[in-house]
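Peer 1: Protein chains in written order, with my numbering: chain S, 58 to 415; chain E, 3 to 330; chain L, 279 to 550.
The set of hints was computed from the structure by calculation and includes no laboratory data. Note that the structure is predicted; figures quoted are calculated from it, not measured. You may find that some hints are simply not true.
[Said to hold, decoys possible] Chain S stretches covered by chain L per the calculated footprint, using a threshold of three residues with CB under 8 Å from any CB of chain L:
| # | stretch |
| --- | --- |
| 1 | 70-76 |
| 2 | 256-267 |
| 3 | 270-283 |
| 4 | 286-296 |
[Stated by the list, open to error] Calculated pairs, DMTMM-like style, for lysine to aspartate or glutamate (alpha carbon to alpha carbon, straight line, at most 25 Å):
| # | chain 1 | residue 1 | chain 2 | residue 2 |
| --- | --- | --- | --- | --- |
| 5 | L | Lys429 | L | Asp494 |
| 6 | L | Lys441 | S | Glu406 |
| 7 | L | Lys415 | S | Asp72 |
The C-beta atom is built at its ideal place from N, Cα and C for all residues, glycine as well.
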Amino acid sequence: MFYREAGDFKTSYTDDNQTFPIKFDRYRYYVVLAIAFGVIPFQINDYWANAFLLPFLIYSIAAIGLNILTGYCGQVSLGTGGFMAVGAYACYKLMTSFPDVNIFFHVIAAGGITAVVCAAFGLPSLRIKGFYLAVATLAAQFFLVWLFNKVSWFYNYSASGQINAPERTVFGVPVTGANTEAWATYLFCLVFLTISAIIARNLTRGMQGRKWMAIRDMDIAAEIIGVNPMRAKLSAFAVSGFFIGISGALFFAVYLGAVEVGEVFGIQKSFLVLFMIIIGGLGSIFGSFAGAAFLVLLPVLLKLIGVDMLGWPTDIVAHFNLVIVGALIIIFLIAEPHGIAQLWRVAKEKLRLWPFPH
Amino acid sequence: MPEQLAFAMEVFFNGLMAGVLYSLVALGFVLIFKASGIFNYAQGVMALFSALTLVGIMEGQVPFSHIINAVFGTDIHHFGWHVPAFLAILGTMAVMVLFAWLVQRYIFRHLVGQEPIILFMATIGLAYFLEGVGDLMWGSEIKKLDVGLPQGINDMIDVTTYEWFGYGFFIDNLDIVATVIAALLVIALVIFSQYSKEGRAMRAVADDHQAALSVGVSLNFVWIMVWSVAGFVALVAGIMWGTKSGVQFSLSLIALKALPVLMLGGFTSIPGAIVGGLIIGVGEKLFEFAIGPMVGGATENWFAYVLALIFLVFRPQGLFGEKIIERV
Amino acid sequence: MLDSSDSYVTEDGRTIGAVVMEMKNITLRFGGVVAIKDISFDIRQGEIRAIIGPNGAGKSSMLNVISGFYVPQEGEVFFNGKPRPQMRPYEVAQQGIARTFQNIALFEGMTVLDNVMTGRLNKMNSGLLAQAIWRGKAEREEIENREKAEKIIDFLEIQHIRKTPVSRLPYGLKKRVELARALVAEPNLLLLDEPMAGMNVEEKEDMSRFILDVNDEFGTTIALIEHDMGVVMDLSDRVVVMDYGKKIGDGTPSDIRNNQAVIDAYLGVAHD
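This is chain S alone, in the form it adopts within the complex (with noise of 0.2 Å):
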């Protein structure tokens, strides 16, 4: 009743291109916006801040990144978790080759840094396809997890192999280190995430999205068509290495301070981002929100039942977490290979139409 297009025609083509053509999805998103950053800065702690939120904006940050990989451009990969780990390297040398420059750029250089990165192991998708491609990544994975563990110059010599993050600020507020509090952490990477979020839009909305489609679709008659698929697959990789690299960085530095690659970036973290973007939907920005929000949230609440409400002891607890994502991920690839986001665009199909039924 509420939730309607009638009356509401486009004139223009530049009308017909919006994000939400919807006037109610446009003005929900303006909420949204308002409430993350007029609201929930004031409301927020350090327990909602570690459990939920922080991981949830830089995990996006991840998925939005991956799924321009794989799900728009359909280059499956498992390194997720080694890039982010070049990421977060990365942000830690600038941070202690160059302490005067503010953090802010660094995260943005590391970014950078993760996208040639990319890039380069990208190279063999150009010969191989499909699940060979996948293993392949797997190669940049294990690489790289090696080579941070192995190379002290990327943990400056220190004696545990340890990086720490040290203190940085911004506009003179603390963003890192141990002086942070709930709403500068945030906020920092809120704006990180929003910029991500319209960059990735615009990305996947013009030619070069189409291009990127039109390769995972169907790649020789992209190429027959004029697709360079070499410049697309890259240009894939890069965005995504950019994106990733970004996550990688703000979680060592702004989330977890200080971090052991293997423990922290190993296959895992790579399995993680992919079933993010697997339960959110392939191919959909706010499929990358839902699936990040979705697998930060769903350990929290099962230990808030199993061992708050039940008194189960954390292992069990741990257990059927894995149970349940198993699950999840099977049941998603059977009833809704779109995730999430499938399932909230019917939603909105049959709101449009609500009460009647079609």
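Got chain S; can you put chains E and L on it based on the hints?
Peer 2: For chains E and L alone, kept in the frame of chain S given last:
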């Protein structure tokens, strides 16, 4: 014989043995892939699960005891009996066949005709699921597995090589047994797939689901059979690896090791899985032996993948895989 | 005999120009199988050239050679009088050659509009950075090209499905979308691989009308593979006939109709 060379030879033979174990795991993958186009990421977890179940049955563990205790406040762990290895293996096999049936009925029957990447991701989900179930059923502590296979350094080889080369090769009895079993398994599988009616049906399904259906092959039966055989292979692999290093989570990571084996050997070739496994096994160990000390060691973490990757760039279908011809 | 650079005017007033594409002694092998054996023919500017022959004659392979997807072991392709250097298919597309495919090659994950817009990719050159910012250059370019695409969508009467995912369309409409995608590239040479396949009489009439209109309004040179003889005889200016990889006929439709070799291999005779 100079000590370094003898040393290198020992590394070589150990590499061959390791390669045999990799091949065992890779075989399971090839079977399922050949018959259904599914790359079963869960193969490694199946090895872990089957080994866990085997130990559980042998020691008379109560399945799901941890949860039962947590929910009901009881303190039961074991039934109090011990089952001999042979019977336990049969019991585990029955469980694996049941697993194959469940997987076929509830998962892959609903995913017929989907793109390979979707199927692959379903098996990743299955791997997580099975791992969780395995932990809940049998507990996640490391377990010792002993089905009576000979272990320890083989004295005969040690003595003989010492006589010949002045250096005694350390080759574990277990590895020798594993090699023999793997060889027998491969021969059995090849005979089965080439010469038996069921094997032919399996190959028909691998080529073209629709065509196989139209000549009366039951897809469901073939798939249950294939997953059961893969389960059996997983069990054998689980026993070998479990005896060697204990039954623990890292067992499931051998799946990841099998991937470069398959990349080298091609996803659809049984001999390819063997050759690929041997190349990776030997290559890894020799590389670590020769270059490892210079770069800080632990190159086995990534060498296999990089080797396979380089190989794939020049020959995308692997050594024995079918050449991919693209038509428009 | 017409020189390659001569032009002439047809009965219905269309101008057919110089030779724009010429295949000289093309031989194409796949392992032991010879798909195309020593074939030469040319295509003139503005004409509709049909390539016909029984199944397996090598017609699609010939189109793939023109597209640059297959590289012939022997022979050369001449484009506008000059030998065409070996190039990747996407470079061939950039030279102004667009095509449709025998088994529809649309991008099933996108809508009709997006599929058609992919045909404009060689006309749009905003860089990655400009597109990331969107407002300004990239958006302007998108709108300009959207207008061009909408003209073709109008021309082919597919406005009502422009936002429909292509995977949901019936076969006939998919073929039309593929044609739109090829047309939108404003090609100099349009290759159509069995554009009428699987269509009923009405659909064939529509498609024939579209093809003729394209040739008429835009002056596009068209090479088409087709099995429907009625269509071939009505639409084309000249016809090449292939059989088992060899050329067995080359001339106007009436020449071909009376060519004994062609009749034996393909057309057949009416039996009493």
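Peer 1: So which of the earlier hints does this model not fit?
Peer 2: Per hint list: zero violations.
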